[in-house]
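Number of protein chains: 2
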Amino acid sequence: MATMNETMPTLAPPAPFEFKESHFSPAAYNLESSILRDILKYSNQPGVISLAGGLPAPELFPVEAIREACDRVLTRHGTQALQYGLSAGYGPLRDWIAERLTKQGGVHLTADNILITAGSQQGLDIVGRAFLCKDDYVMCSRPTYLGALQAFNYYGVKYACIEMDEQGMKVETIDPIVEKYHPKLIYTVPNFQNPTGITMTLERRRMLVEKARKYSVPIVDDNPYGELRYSGAPVPSIKNLGGQAVIQLGTFSKIVSPGLRIAWIAASRQTMGVFTRVKQATDLHTNNFAQYVIHEFVQDGRLERHIEVLKRSYHERRDAILRAMSEFFPDTVKWTKPEGGLFLWIKLPEHVDAAKLLPQAIEEKVVFIPGQSFHADGSGKNTMRLNFSQPPCESLHEGIKRLGRLFSAVL
Amino acid sequence: MATMNETMPTLAPPAPFEFKESHFSPAAYNLESSILRDILKYSNQPGVISLAGGLPAPELFPVEAIREACDRVLTRHGTQALQYGLSAGYGPLRDWIAERLTKQGGVHLTADNILITAGSQQGLDIVGRAFLCKDDYVMCSRPTYLGALQAFNYYGVKYACIEMDEQGMKVETIDPIVEKYHPKLIYTVPNFQNPTGITMTLERRRMLVEKARKYSVPIVDDNPYGELRYSGAPVPSIKNLGGQAVIQLGTFSKIVSPGLRIAWIAASRQTMGVFTRVKQATDLHTNNFAQYVIHEFVQDGRLERHIEVLKRSYHERRDAILRAMSEFFPDTVKWTKPEGGLFLWIKLPEHVDAAKLLPQAIEEKVVFIPGQSFHADGSGKNTMRLNFSQPPCESLHEGIKRLGRLFSAVL
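Each protein sequence line maps, in turn, to chains A and B. To get this note's numbering, take the position in the first sequence, counting from 1, and add 198. To get this note's numbering, take the position in the second sequence, counting from 1, and add 198.
Possibly wrong hints are sitting among the right ones.
It does not matter which identical chain is meant; a pair holds if it fits inside one copy or across any two.
[Stated by the list, open to error] In the EDC-like style, the derived pairs of lysine to aspartate or glutamate whose C-alpha atoms are separated by at most 20 Å in a straight line are:
id : residue 1 : residue 2
1  : K218      : D310
2  : K378      : E425
3  : K409      : E216
4  : K532      : D517
5  : K535      : E562
6  : K332      : E361
7  : K356      : D334
8  : K599      : D517
9  : K239      : D269
10 : K239      : D310
Derived by calculation from the structure, the hints in this document are not laboratory data.
Modelling step: build the complete structure from the supplied sequences, incorporating the hints.
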């Protein structure tokens with residue numbers, strides 16, 4: 199080993215270096231920042247009621263139970279939880295998830311079917327990376343989840359969009375579109391969809407699974423909200439109906455804490471090898487300590503009790519926003535009535551551009567997300583998404599009152 | 199909203215679905231699993247001494263201090279730490295990192311120059327995604343860090359390899375290679391390199407920065423081990439010498455805990471927009487709770503004191519392994535004498551294939567990593583990497599004794 203200089207020299211400020219567009223990969227350079235993140239800036243201004251975010255209610259976070267879980271993990275598994283872990287994730291947590299999904303019926307899953315990811319956004323990215331190449335098609339509904347478009351866009355894909363009605367994606371219309379575009383994946387949020395709050399019916403789910411088999415196109419069943427049902431009867435998940443044909447994304451973000459970034463992919467063993475190698479190249483493995491903490495938290499029925507607390511509170515908020523909309527919105531405005539989840543969807547008269555209403559709404563101190571960004575084809579100008587999980591009932595009432603005033607003035 | 203079926207139907211087991219190679223993206227399908235992960239299987243077998251891993255010593259993890267940090271974070275910032283966070287990372291942690299790098303001289307950094315990543319492996323992936331396209335060249339030393347090759351390989355790149363000597367990458371030889379291959383990035387681990395343990399001299403660092411400017415090729419200064427120096431005088435970092443021309447990757451994995459997966463990219467503001475959008479599409483943001491916990495842990499000089507503890511212990515281990523090698527290795531075996539870090543590098547006589555010795559080593563209950571996988575061009579058959587941070591001194595002594603016995607038998 200060479201001997202180094204004995205004292206640290208004083209360094210002159212280095213000359214500047216200019217990065218040009220040509221330094222970057224075009225796919226990364228052209229990624230757009232999420233409109234959500236831009237609008238969320240307004241959410242924190244004093245007096246503003248935000249119906250824009252997709253955040254869980256922070257006052258419901260199980261802070262004390264997480265503290266106890268941290269404590270138990272550090273006492274029992276301190277050195278393991280702070281050490282490097284497996285790319286697939288912490289075994290006992292994967293066991294627990296597999297068992298829970300198996301109990302829902304139809305499929306028999308083990309830890310070998312589960313990959314732990316850093317939130318469902320990483321699940322989407324890993325699925326995109328595993329399957330998608332430039333100019334491939336992804337089939338999705340119109341509208342669909344913005345974060346999925348953002349994850350898949352990097353891979354240079356195009357979208358084959360399917361209309362929705364109040365029963366979810368119009369699955370009966372997809373054959374000619376599959377035959378024309380040969381999509382690599384069918385992407386869907388079947389439960390309380392983000393952004394519309396609509397749930398796909400059992401008939402459509404069965405039909406979708408059938409068509410996925412017929413055309414040999416895997417389904418991505420993105421299911422962050424499935425546990426949060428406030429009314430109506432549960433519907434079996436597409437994963438439980440479709441088995442190996444279905445790659446399901448699940449997450450603890452909406453039922454425990456999004457800040458811990460623990461989610462999972464449940465899929466056929468045939469796909470797990472590729473997913474795990476992708477995960478390894480991407481970030482080695484998910485935060486080990488957070489996996490242990492979540493595993494500790496879910497024990498002894500604690501998760502189920504916490505979900506009941508969330509459902510009670512979000513149920514009230516959903517009812518409050520729906521009541522306020524009936525009271526304050528003009529007749530020409532239509533909206534969905536979700537049976538669960540965090541969002542509902544507004545349709546304004548065809549000629550209205552929701553994005554153009556946003557500056558006036560900000561002046562009225564209420565914010566929403568214009569619906570266009572949830573449309574892969576740029577349509578949907580007259581739509582908007584509202585969130586009802588974060589603001590308490592009174593704020594929902596007041597926020598809808600403000601929006602109603604604005605609608606009445608401009609429509 | 200349609201009314202759903204009133205009770206959950208009993209589900210029949212779904213028909214199988216076969217994934218074929220054509221379902222997958224070739225870039226993902228052809229990713230190789232890290233040889234390290236395969237060899238590490240042997241490390242946990244009873245009686246095996248592993249010189250193969252790159253793990254910090256688990257008995258040195260600051261478990262109690264992490265427990266206190268968790269506790270304080272949940273008391274003071276519970277709801278914020280468990281909520282969604284910014285894609286760039288937790289502001290106060292980014293401030294702290296920027297200030298610490300600024301104190302090292304040369305550069306003035308702020309939080310706007312720092313992106314928090316889920317470990318340095320994700321830093322490598324984000325850099326790869328931001329800059330690299332299929333058939334681009336990356337310049338790196340031969341050998342170089344395996345995880346970087348794994349991250350960059352997905353992007354379909356080729357490598358322009360530069361020889362190393364005991365002063366690091368032979369920077370004086372790169373001009374014709376840059377002119378021929380026009381690399382998009384120059385990748386280097388200048389401090390106690392993984393795998394060789396070699397540190398690049400100040401003269402070479404200055405020269406590398408000059409050439410990066412001359413050819414307008416950014417340098418990736420991957421610096422996980424810089425804080426772990428046991429002897430010799432410190433050398434200014436390439437980031438501090440090169441400023442905006444340099445993208446530095448730093449991490450808490452080796453100085454606090456790898457299981458928490460908190461690392462950072464320090465770079466020019468011009469690059470931060472692209473990095474942040476890539477991060478957002480990839481996984482929204484890094485585990486928020488872990489960022490708060492690390493930020494709490496590093497306060498009041500706690501990190502500096504902990505680094506001193508690590509250095510004392512690793513210093514002893516480095517001296518123990520070097521002593522054992524002098525005692526037990528035949529004259530025909532050469533090795534590096536690192537001034538810090540976790541690794542050293544062995545050169546066997548030219549005709550020996552280290553990978554072929556591995557099965558015999560496993561029988562002798564000692565494992566190492568054959569050096570070939572650290573060579574982007576498949577050379578380096580007669581080399582191997584040894585780790586000295588994980589096993590205690592007695593195990594290092596015994597492990598080297600076993601390897602020495604094997605070498606004496608076959609060389």
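Going down the list of hints, with the structure as the test:
no. : hint        : in the structure
1   : K218 x D310 : between (44 Å within a copy, 19 Å between copies)
2   : K378 x E425 : neither (36 Å within a copy, 57 Å between copies)
3   : K409 x E216 : between (51 Å within a copy, 14 Å between copies)
4   : K532 x D517 : within (16 Å within a copy, 74 Å between copies)
5   : K535 x E562 : neither (25 Å within a copy, 68 Å between copies)
6   : K332 x E361 : neither (24 Å within a copy, 35 Å between copies)
7   : K356 x D334 : within (6 Å within a copy, 24 Å between copies)
8   : K599 x D517 : within (15 Å within a copy, 73 Å between copies)
9   : K239 x D269 : neither (35 Å within a copy, 29 Å between copies)
10  : K239 x D310 : between (41 Å within a copy, 17 Å between copies)
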